[in-house]
Structures are given as structure tokens and as C-alpha cells.
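Given chain D's structure and the hints, the job is docking chain W onto it.
Sequences listed follow chains D and W, in order. For what it's worth, my numbering labels the leading residue of the first sequence as 1, then goes sequentially. For what it's worth, my numbering labels the leading residue of the second sequence as 1, then goes sequentially.
Worth flagging that the hints you see were computed from the coordinates, not collected in a lab. Please note: incorrect hints may appear among the correct ones.
Claimed, not checked - Below, computed lysine-lysine pairings styled on DSSO-like, alpha-carbon distance capped at 27 Å:
id	chain 1	residue 1	chain 2	residue 2
1	D	K23	W	K42
2	W	K42	D	K63
3	W	K102	W	K42
4	D	K67	D	K19
5	W	K42	D	K67
6	D	K63	W	K31
7	D	K19	W	K42
8	D	K19	W	K39
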Amino acid sequence: QVQLQQPGAELVKPGASVKMSCKASGYTFTSYWINWVKQRPGQGLEWIGEIYPGRGITNYNEKFKSKATLTLDTSSSTAFMQLSSLTYEDSAVYYCSRRGAGAMDYWGQGTSVTVSS
Amino acid sequence: DIQMTQSPSSLSASLGGKVTITCKASQDINKYIAWYQHKPGKGPRLLIHYTSTLQPGIPSRFSGSGSRRDYSFSISNLEPEDIATYYCLQYDNLWTFGGGTKLEI
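Bound-form chain D, shown alone (with noise of 0.2 Å):
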């Protein structure tokens, strides 16, 4: 079955950048496309950018251009996003997600990213 795996936490602190992870199993990840999206507590969802993992092309959320960084390990079915510069604006749950046939179809449980000093 379908499954996107992200860690649970990440601490960090102000200023430091952060990178987190995206692993995908049960379906061919080169031929969809992964999104990332950003959840502030007590806010709603927020698209930050996506990436193709079968030709690395990138899309970005003009808000996100500066904030975010979308790579990929095509060996291990693993999406990235780090974060640099980081501020207290900028502690969230991130989600990753895949495009299936019709819009984000299966999501990971997020990562709480916690920027405190």
C-alpha cells in the first residue's frame, strides 16, 4: 500500500535551517509528483511547492521561493525539504503528499518542526 513516512519532530533553532525527510513506499515514485504543505498551529493548510521525481522539476509557492528547498534521492524513494533561516513564523506541521489521479491522494503524518531557542 501507498505510504509516505516523515519523522515525528525536528527542534531547531532560530536562524539554523532545517532538513526534513519524505519516504515513499508502495508505488513508483518517479512518476508522481511529491508536495509539501505547511500547517501552522491553529492555522490551516498552506502549499509550500512540489517536485517531480522522475525529472527533478520543481514548482514553488512564490511565498516559499526563499523560505524552501525540494530535492530528491531517487535510490531510496525519499523526497527532501529544507528550510533555511528560520524564525518562530516558520515552526509548523510540514506535510508531504503525492499527486495521484486526482489532486494530493495520500499524505504522510507531517512533521512538527518546533523553532525555539
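Chain W in isolation, oriented as in the chain D frame:
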């Protein structure tokens, strides 16, 4: 960028009742709208895509309709497990979520 205006932001309903949530796009999205159920501690769950197509395993008491800029999502025969926040998502041009609707029963 396409904006999605979702309403209401919260609503309260009775078991066995029906609720309807609407999303209005800032431009025609050609029926490329999906609806999600989101519960705390979990990833969102896709219920409906392309306006009205139910995902496998989703009960028929969930439904969607609409066209051009105006879309709606309904849940009938409300059950306790329907307590969640619901989001619309346009995917005609990149991706934009609606603001969410918190459902209480």
C-alpha cells in the same frame, strides 16, 4: 495566483443532519477542486476530487458539485466520526487551499 474563499469557517450540526460548505474561486478553475477531511495528528484525507468524484471507500453521504468559480461540498446523515476540519483545494493552476471549515456536532 488563484484565491479560494471557503465558508463558513465553522459550523455546528446535529447527528443525522446535513451540512454544506462552499468554496468560491477567484477565477474559473474548470472543476479542478478537491475536498479533504483533516483530523488532529493525521494527514488530510482526500474525499472528493474533480468536483464530485468520490475516492474509493468514501461513503456516498459525502458529495460535491459546482462549476466555473462556485463549488459546494455536503455531508448528509452526519456521524460522530465526521467531526473534523474540511478544506477545499483548487488544482487547476498550481495549488490553493481554502481557509478551512471546522465542523462540530
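Okay, which hints does this one fail, numbers in order? Going through the list in order, the structure violates no hint and respects every one.
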